[in-house]
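Chains as they are written, first to last, in full-length UniProt numbering: chain W, 1 to 327; chain B, 1 to 475.
For the record, the hints were derived by calculation from the structure and aren't laboratory data.
Hints may contain errors.
Listed next, with one range per pair, are the computed distances between beta-carbon atoms [stated by the list, open to error]:
#, chain 1, residue 1, chain 2, residue 2, range
1, B, Asp20, W, Asn45, 29 to 37 Å
2, W, Ala36, B, Lys424, 23 to 31 Å
3, W, Thr178, B, Ser444, 36 to 44 Å
Here are the simulated SDA-like cross-link-like pairs (lysine to any residue), alpha carbons at most 20 Å apart as the crow flies [claimed, not checked]:
#, chain 1, residue 1, chain 2, residue 2
4, B, Lys424, W, Ile248
5, W, Lys63, B, His372
6, W, Lys63, B, His466
7, W, Lys219, B, Arg50
8, B, Lys424, W, Pro59
9, W, Lys219, B, Ala3
10, B, Lys143, W, Ile248
Built from N, CA and C at the ideal position, the CB exists for glycine as well.
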Amino acid sequence: MMVPLDPSSKPTSQRRIAEGDTVVVYERHDAMRAVAVLPGAVLQNRFGVFRHDDWIGRPFGCKVHSAASAGGGGARGGKGKGGGFVHLLAPTPELWTLVLSHRTQILYLADISLVVSYLELVPGCLVLESGTGSGSLTTSLARAVAPHGRVCTFDFHDQRAASAREDFERNGLTSIITVAVRDIQGQGFPEEHTGAADAVFLDLPQPWLAIPSAGTMLKQDGVLCSFSPCIEQVQRACEAMRSCFTDIRTFEILLRTYEVREGGLKGATTNEESNAVPLAQKKRKLLAAAETLDVKQNSSSVMVRPCSTARGHTGYLTFARLRVHGN
Amino acid sequence: MAAIPREAWEGCSVLLDINDGDRLAFFRLTPAATVKVGNRTCSLQPLVGRPFGSLFSVGPSGLVPCADAPSSRDDTTQDAADGPSQDETRDNRSLVDNNTAQNLSSDDIEAMKRDGVSGDEIVEALIANSSTFGKKTLFSQEKYKLKKQKKYAPKVLLRRPSTRSICETYFKKSPARTGFMRVDALSLLLSMANVGPYSDVLVVDMVGGLVVGAVAERLGGTGYVCSTYLGSAASSIDIIRMYNLSSDMTTRIVQAPLSDLCSLQNSVDVSSGLNDSIQGEAQEPTAVPVENTQPSVPQPTDTAVPDEKTQSPKEQSIDIDIPEPLLDEHINQDGNSSLDSKGDEDGSSIGPKSLKAGKAPSPERMKYWSEHGFSSLIVAAPGHDVESFVADLLPLLSYSAPFAIYHQYLQPLATCMHSLQVSKMALGLQISEPWLREYQVLPSRTHPHMQMNAFGGYILSGIRIHNGDACNGSK
C-alpha cells in the first residue's frame with residue numbers, strides 16, 4: 001500500500017507480498033516498473049521470466065530470480081542457476097514518481113518536497129490541487145495529510161481525471177483523494193470549500209485566473225503555491241496575488257547528483273618504477289615489483305564526481321500567504 | 001479540531017519577524033514575556049488571541065495591530081506600479097551626494113519623537129523635507145521609504161512556528177548549530193525517507209532536534225520518532241520546544257542509545273525462540289544504560305563501542321560551544337524568567353509535557369521494533385564519520401525501508417555509499433545536492449536575488465533490501 005491508512009497496513013519486515021499488492025520491480029536505479037501481483041501472471045523483461053506466484057509470501061525488498069525452465073531451451077536450462085534477478089520493493093510516493101506513466105509533464109522529487117514543506121502540510125490538512133495531471137504530486141500530498149486529511153484535485157480533462165482516479169484507487173488512496181472534472185481557470189474552485197482549505201496548489205497554464213478563487217478557499221494565513229515553467233507566467237501570477245496575498249516568494253530548486261566509484265590515480269613515481277625494472281638485477285626486480293604494488297594499493301580510494309547530466313529547469317515555485325485582516 | 005492552529009494562545013511558542021526578516025526570534029507567550037524593538041521594550045500580551053500572520057506596529061503603549069492597507073509593502077509596490085510610466089524614465093544624472101538633501105536635522109527628529117508623533121508621520125515628514133526625493137526613480141523612492149519605515153516605524157509579524165520557518169530561522173541565525181541544513185535539504189530528507197502516517201522513524205539527530213521535530217510534525221501523533229544516539233549521552237533535541245507539538249505528538253518522541261537497539265537486535269537474532277530471554281533483555285532500556293552489563297557477543301557493535309566513547313566528548317563539546325544564540329542577551333534573561341514563570345503557573349500541564357519528550361521507549365515497543373524493524377531512517381550527524389555507524393543502523397530497518405543521510409561534507413557520504421554498495425545492504429543509492437534560488441518578481445524588475453546561499457548540504461538516500469538465505473544459496 002502506497003500510504004498506510006491504519007497501523008496494520010504499514011510496511012514492516014513481517015509483512016509479506018500478497019495477491020493484489022502493487023510492487024515496484026527494481027532492475028536498476030533508472031529501470032523500475034510498478035506491477036500488480038496476480039496469481040498465474042508472469043513478468044518478462046531482459047533478465048528473464050518471473051512468475052508472480054513465486055513472489056507471494058516473500059518479504060518486500062527481496063531478490064527474486066527468473067524461472068529456470070523458461071527461455072532459450074536446453075542451453076538456458078542448463079544454466080538455470082545463472083538466471084537474472086530483480087528486487088521487489090514496497091511502493092512509496094517517491095518510487096511512484098519514478099515509475100508512473102506520464103500523461104503530462106510531472107513534478108519531481110526536489111520540487112515536490114519543497115512544495116509539501118512550504119505548504120506546511122501536516123496530517124489532517126485539506127489541500128486543493130489543480131490540475132491533477134499524472135498524479136505525481138497528488139500522491140505525496142496524500143501522504144502528508146493522511147490519515148484524516150483530504151486532497152481535492154481537479155482536472156479539466158475527462159480522460160486524465162479518470163486515469164488518475166484509477167491510479168489512486170489501485171494505490172488505495174480513494175478515502176483521501178477525491179478527483180473532480182472542473183475548469184478551475186474558468187469556474188474557480190467549488191464553493192463548498194470556501195474558507196476551508198489549509199493550502200492550495202496550482203499547476204495551470206494561466207494561474208492568475210484561478211488565484212482570486214484560491215484566495216476565497218483558504219483559511220487565514222493559509223498558503224498558496226503556483227508552479228509555472230515560464231517567468232512571464234510567474235510575473236502575472238504575482239501581480240494577481242498582490243491584492244490579497246502577502247509574503248510572496250518565488251523559488252527554483254534543482255538537484256545535482258553524484259556518482260561514486262573506486263579507482264586509483266597515477267603518480268609520477270610509478271613511471272620511475274617501471275623504467276627501473278628492466279635495468280635492475282633479479283633481486284632488485286622483486287623489490288621494485290613489491291613497491292609498485294604498494295603504490296597501487298595506496299593510491300586506490302573512493303572517488304566522487306557530479307553526474308554529467310542533470311535536469312536544468314523544471315519550473316518556478318511561487319508561495320504566498322493569505323493576508324490576515326487586522327483590527 | 002483544525003490540523004493547524006490559526007491563532008496564538010497563551011503559553012504557545014511564536015516566531016516574531018521584525019522588519020521583514022531583519023530580525024527573527026522565538027518567544028513563548030507568557031504573561032511576563034517581552035520583546036525589545038528599537039529602544040522600546042514591549043509586552044507580548046497583545047499577541048494572545050491574534051491570528052498568526054498578524055502585523056503589529058510599535059505604539060506608545062506597546063504592540064498595536066496594524067490596519068490593512070497602509071502597512072503592506074506590497075500595496076506600496078502596487079501604488080508605485082500605478083504611477084505614470086513617464087516618471088520611470090528618470091535617472092540619477094542630476095543627483096549629487098553632498099549630504100544636504102535632508103532639511104530636517106536630527107534635533108528636529110528627536111523633538112518629534114518626544115512630542116509623541118507616530119513613526120509613520122515621521123517618515124512622511126522626512127519625505128516632504130527631502131529635496132531630492134522627487135527626483136528619484138520610483139524604485140529608489142520605494143527603497144528610501146522602506147528604509148525610513150524600518151527605523152522609525154518598525155513592524156512585528158506574528159508567525160506560527162513550523163518546520164519551514166524554524167529551519168529557515170536557524171539557518172539564518174546559527175547555521176552551524178543545525179549542521180548548515182537548509183530548508184530544502186530538510187524537505188528532501190523527509191520525502192526521501194517516506195515520513196508519513198504511522199511511520200516508525202529512526203533518527204540520529206545531532207542538529208539540536210530540528211529533524212526530530214520535523215518528523216514529529218509530519219507524523220502528527222501517529223507513529224513514533226525514535227531518536228538514537230552514540231555512546232551514553234543523549235544528543236540534545238531542545239529545538240523541538242520551538243514546535244508547538246501536542247502532548248500526543250510529544251509522547252511519541254522517544255530516545256534510546258544505539259547500543260541498546262543493536263544489542264536487542266542481536267539477542268533476537270541469537271535466541272529468537274526464547275521469549276523469557278527476550279523479555280529479560282527488553283527490560284534493560286528502562287534502566288540507566290551501563291556499558292558493562294551489555295552482552296559480550298563478538299559483533300561489530302562491540303568493536304564500535306570504543307569509537308563511540310571517543311566521540312562522546314566531541315558531542316559534548318559541540319553542545320557546549322554553541323549555546324542558543326538565537327535570543328539577544330537582554331531578551332534571553334526575559335526568556336529565562338518567562339520559562340520560570342511558565343513553570344510556576346502551568347507546572348501541572350507544561351512541566352510533564354516537556355519531560356515526556358525523549359523518554360526511553362517501553363519494552364514492548366522495543367521488542368516490536370526489533371521484530372518488525374523501523375519504517376525509515378534519517379541520519380543528520382554533520383560532525384561525524386557516518387560510515388562507522390550506518391552499518392549498525394541499517395539492520396534495524398524493515399526490508400524495503402528507505403533511508404536518508406545528511407552531511408555537510410561530500411567525502412563521508414561517498415565512502416559510506418561505496419561500503420553499502422560493496423556489502424549489498426541497500427540499493428537505489430544516490431548522493432544528491434539541492435540548489436535553491438530565490439527570485440524577486442516585481443513589474444519590470446524581475447531577477448534572481450543578488451545574494452543567495454550557495455550550499456545546502458548533501459544527502460545520501462537508498463532502500464534497505466532483504467539479504468535472505470535464498471540469495472546466499474544461489475551464490
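Comparing the hints with the structure gives:
1. The hinted range of 29 to 37 Å is not satisfied by Asp20(B) and Asn45(W), whose Cβ atoms lie roughly 56 Å apart.
2. Range check, Ala36(W) to Lys424(B): about 28 Å between beta-carbon atoms, so the 23 to 31 Å window is met.
3. For Thr178(W) and Ser444(B), the hinted distance range of 36 to 44 Å is satisfied, since their beta carbons lie about 41 Å from each other.
4. The hinted pair formed by Lys424(B) and Ile248(W) fails the criterion: a straight-line CA distance of about 46 Å is larger than 20 Å.
5. At roughly 19 Å between alpha-carbon atoms, Lys63(W) and His372(B) fall within 20 Å of each other, so this suggested pair holds.
6. This hinted pair checks out: Lys63(W) and His466(B) have alpha carbons roughly 7 Å apart, not beyond 20 Å.
7. Proposed proximity of Lys219(W) and Arg50(B) is supported: the alpha carbons are some 14 Å apart, at most 20 Å.
8. A threshold of 20 Å between alpha carbons decides the hint, and for Lys424(B) with Pro59(W) the separation of about 17 Å falls inside it, so the pair holds.
9. Between Lys219(W) and Ala3(B) the alpha-carbon distance is near 12 Å, which keeps this suggested pair within the 20 Å criterion.
10. The straight-line distance between the Cα atoms of Lys143(B) and Ile248(W) is roughly 18 Å, inside the 20 Å bound, and the hint therefore holds.
Figure legend: structure checked against the earlier numbered hints; hints not met, in rising order: 1 and 4.
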